[in-house]
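Generate coordinates for the entire structure from the input sequences, incorporating the hints supplied.
Protein chains: 2
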Amino acid sequence: MNTPDLYRPLTPEELGPRLSAVPVIAGRVGADPSLWTVKEVGDGNLNLVFIVEGPQGTVIVKQALPYVRLVGDSWPLPLYRAYYENHALVRQAARDPGSVPEVYHFDEAQALIVMEFLSPHKILRRKLIDGEKVAGLGAFLGRFCARTAFRGSELSLKSADKKKDVGLFAGNVEIPAITEALIFTDPYYDAKMNHHTPGLDPVVAELRGNPALKARVQRMLMKFASNTETMLHGDLHSGSIMSTETESKVIDPEFVQYGPMGFDIGMLVANFLMAYFSQPAHRDTDDLAPYQDWILSVIDEVFSSFETEFRTLWESERTGMLFPAALFEDQNQSSRDCCDDLLADIRSDALGFCGIEMHRRTLSLAHNADFEEIEDIALKCRLEARNLAMGAELILGTQAVNTTASLLDLARQFNAKDIL
Amino acid sequence: MNTPDLYRPLTPEELGPRLSAVPVIAGRVGADPSLWTVKEVGDGNLNLVFIVEGPQGTVIVKQALPYVRLVGDSWPLPLYRAYYENHALVRQAARDPGSVPEVYHFDEAQALIVMEFLSPHKILRRKLIDGEKVAGLGAFLGRFCARTAFRGSELSLKSADKKKDVGLFAGNVEIPAITEALIFTDPYYDAKMNHHTPGLDPVVAELRGNPALKARVQRMLMKFASNTETMLHGDLHSGSIMSTETESKVIDPEFVQYGPMGFDIGMLVANFLMAYFSQPAHRDTDDLAPYQDWILSVIDEVFSSFETEFRTLWESERTGMLFPAALFEDQNQSSRDCCDDLLADIRSDALGFCGIEMHRRTLSLAHNADFEEIEDIALKCRLEARNLAMGAELILGTQAVNTTASLLDLARQFNAKDIL
Chain A
1 MNTPDLYRPL
11 TPEELGPRLS
21 AVPVIAGRVG
31 ADPSLWTVKE
41 VGDGNLNLVF
51 IVEGPQGTVI
61 VKQALPYVRL
71 VGDSWPLPLY
81 RAYYENHALV
91 RQAARDPGSV
101 PEVYHFDEAQ
111 ALIVMEFLSP
121 HKILRRKLID
131 GEKVAGLGAF
141 LGRFCARTAF
151 RGSELSLKSA
161 DKKKDVGLFA
171 GNVEIPAITE
181 ALIFTDPYYD
191 AKMNHHTPGL
201 DPVVAELRGN
211 PALKARVQRM
221 LMKFASNTET
231 MLHGDLHSGS
241 IMSTETESKV
251 IDPEFVQYGP
261 MGFDIGMLVA
271 NFLMAYFSQP
281 AHRDTDDLAP
291 YQDWILSVID
301 EVFSSFETEF
311 RTLWESERTG
321 MLFPAALFED
331 QNQSSRDCCD
341 DLLADIRSDA
351 LGFCGIEMHR
361 RTLSLAHNAD
371 FEEIEDIALK
381 CRLEARNLAM
391 GAELILGTQA
401 VNTTASLLDL
411 ARQFNAKDIL
Chain B
1 MNTPDLYRPL
11 TPEELGPRLS
21 AVPVIAGRVG
31 ADPSLWTVKE
41 VGDGNLNLVF
51 IVEGPQGTVI
61 VKQALPYVRL
71 VGDSWPLPLY
81 RAYYENHALV
91 RQAARDPGSV
101 PEVYHFDEAQ
111 ALIVMEFLSP
121 HKILRRKLID
131 GEKVAGLGAF
141 LGRFCARTAF
151 RGSELSLKSA
161 DKKKDVGLFA
171 GNVEIPAITE
181 ALIFTDPYYD
191 AKMNHHTPGL
201 DPVVAELRGN
211 PALKARVQRM
221 LMKFASNTET
231 MLHGDLHSGS
241 IMSTETESKV
251 IDPEFVQYGP
261 MGFDIGMLVA
271 NFLMAYFSQP
281 AHRDTDDLAP
291 YQDWILSVID
301 EVFSSFETEF
311 RTLWESERTG
321 MLFPAALFED
331 QNQSSRDCCD
341 DLLADIRSDA
351 LGFCGIEMHR
361 RTLSLAHNAD
371 FEEIEDIALK
381 CRLEARNLAM
391 GAELILGTQA
401 VNTTASLLDL
411 ARQFNAKDIL
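Top to bottom, those sequences are chains A and B. Following the numbering used here, the numbering of the first sequence begins with 1 at its first residue and continues without gaps. Following the numbering used here, the numbering of the second sequence begins with 1 at its first residue and continues without gaps.
For the record, the hints were derived by calculation from the structure and aren't laboratory data. Don't be surprised by glycine CBs; every beta carbon is placed ideally from N, CA and C. Each hint should be verified, as a subset may be incorrect.
[Claimed, not checked] Which stretches of chain B does chain A cover? Using the computed rule of at least three CB atoms under 8 Å from a CB of chain A, they are: (1) 169-177; (2) 210-216; (3) 224-232; (4) 334-342.
Below, the structure is given as structure tokens:
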């Protein structure tokens, strides 16, 4: 799979001559590359991203870099992640049709994926900072999480097929290691690449001084690293979602791995909660409450659409080895309670992962624009402290959060609280 | 890995000429194969087993058959399991030196392992039926479970190494499928290959009529199938242990897979409990109580030695990414509670798996000699009913069994109970 000798990061000038030789791309963009315009627009951490425009249409070209862009070539990163990203996109497209950009071409040697250009979509995180709403957002995302979780698991897949797939993705060893360190470990000690807003020190000291909290985080890490329930997106935050006013797509599954069903939805909800807590810095007083309420309504929708869709699939597509009809329906016994119990555990896992994601985005290497764009440091600190405190509450689970209503209440409580 | 064209099941006559060409075997048995005697002694379900004796010494040759011996060639089984068994033996020998037979030679094409001949060891199940004691048995087995569980996990291994290994063993797709069906599913419906003692029908109907019990079993199946905490033996019953009066070895890890830490110890304890419940059919009244007490003392030893060894390794060998010292000891915080919590969850998982194993050995395809050799069907039925009832209790967990003492009490209660 690894062919580093052939690989080299491409320039906009090189793309035309190279890609026009691929019929499916020439067909989409136009046969004559001299009529193409190519722009490098990657602002992420790990890749080159080109917009390739021609007389016939536009495509996106994403090429993996062999190091973390944010840090430089001191942090090498294997190119084979493009191989796994391509595999992930194919599976996601099959499990939730229309939810991800269409792949037109994959070049393994160049670690390069040519795919659908989404327009006029914008990165959802940008829209949340700018106060823009997206119709149907929560329903789409909850459905995406439910369909990929269910259809990637042994509730649906044949066990031999699923196990082969676990073997395939187990080759992707470096990418999970990033998540394991940056998300689950670094926030809780003085790790080299950490940074946090001056003024947060007392809150950070409290988190690091709480061994029960760290114990729970490490158990969640153990679950993340050793649980192959389903194929995850692995990095489902608001920067991995592109939306118009009415349509959304999920992008960038290069952190794909098999993992626990609650991970994607937990990480997603964390990013909505961070958008929520950061709003006082981005909105006028008049717009603040309605937009914060809208964000909470999206979280509500995410959970309810997740559970509705999961229950529907449970009844209609339970074709895997788990909870077979032979043990329940064929013996005239309902399996509905089993589904409810599983959903309750997925939710509990999700809230644990959610709290951890809220911590690492404020304390570890990769922060969120939601908070990072706040120029008033005292305000940023106050809002981040609320976010950290709610994260700790979710990890420790001292208050039972068994319903979405209680989760949203908790968010409202912390939003009105001065932690520092 | 699969080279079925070269493979064929060998006869005793063929072994000498073939194996004498392998220097390490000629050195162990003797250079001239005409002086060897070869006997096929396999009585298991899946393999040919030869004892090869010569002037210099004796070795065991185990060759995988391409089908389940018990059922015949209507149930094909991949030969590559010998490849995984060899990998498992090598890892177990490294993680608990001296616990498994030494491997002298592995021939992948012939699915054949040449290994240490254990003598005067006998299969432990036989000894338990015959009322023989083995000194140090529980301590050895508890230590084996602790060392393989801990040293095969990300508490100890580097994550990248462990994940590569998960990928390697994920190729072993057919073997887990057997466990998944025979252990977790078949007992709870009218599966084709099931059989049980006439007279047990009311107990069986009660088990199958309890959706909460089946739900819990399916959640344990989900954990077994989607949890790669550590490398398991995968089939650790008293037929996979060979003992003298003072020494024991663990054999036959061909059901090796990554799985939850509590699986091996749970299955092991189930087999001691079945030995315990079957004793009234094998012992005179005078010998019965002392020997049953001895079996319970072995269970006690298994758990206490498991936990002692696990705690020792936690303090001295926690070199993996989980619960790193950076988060605890380096911040002057103890991680001892984390270890206790993990051990409590391993115990709880173990008791769940234990109850399920007790069921499948009475209801599914592969039964135990402990019960099968009982000729008095009414007695067999009475003893099996106790075993089934205690299994259900362990699965449902309606009585808290948080200590080994409470587990042994429960066994004594059911041993005195007439279920039917």
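May I ask which of the numbered hints given earlier this structure violates, with the numbers listed in increasing order?
-> none
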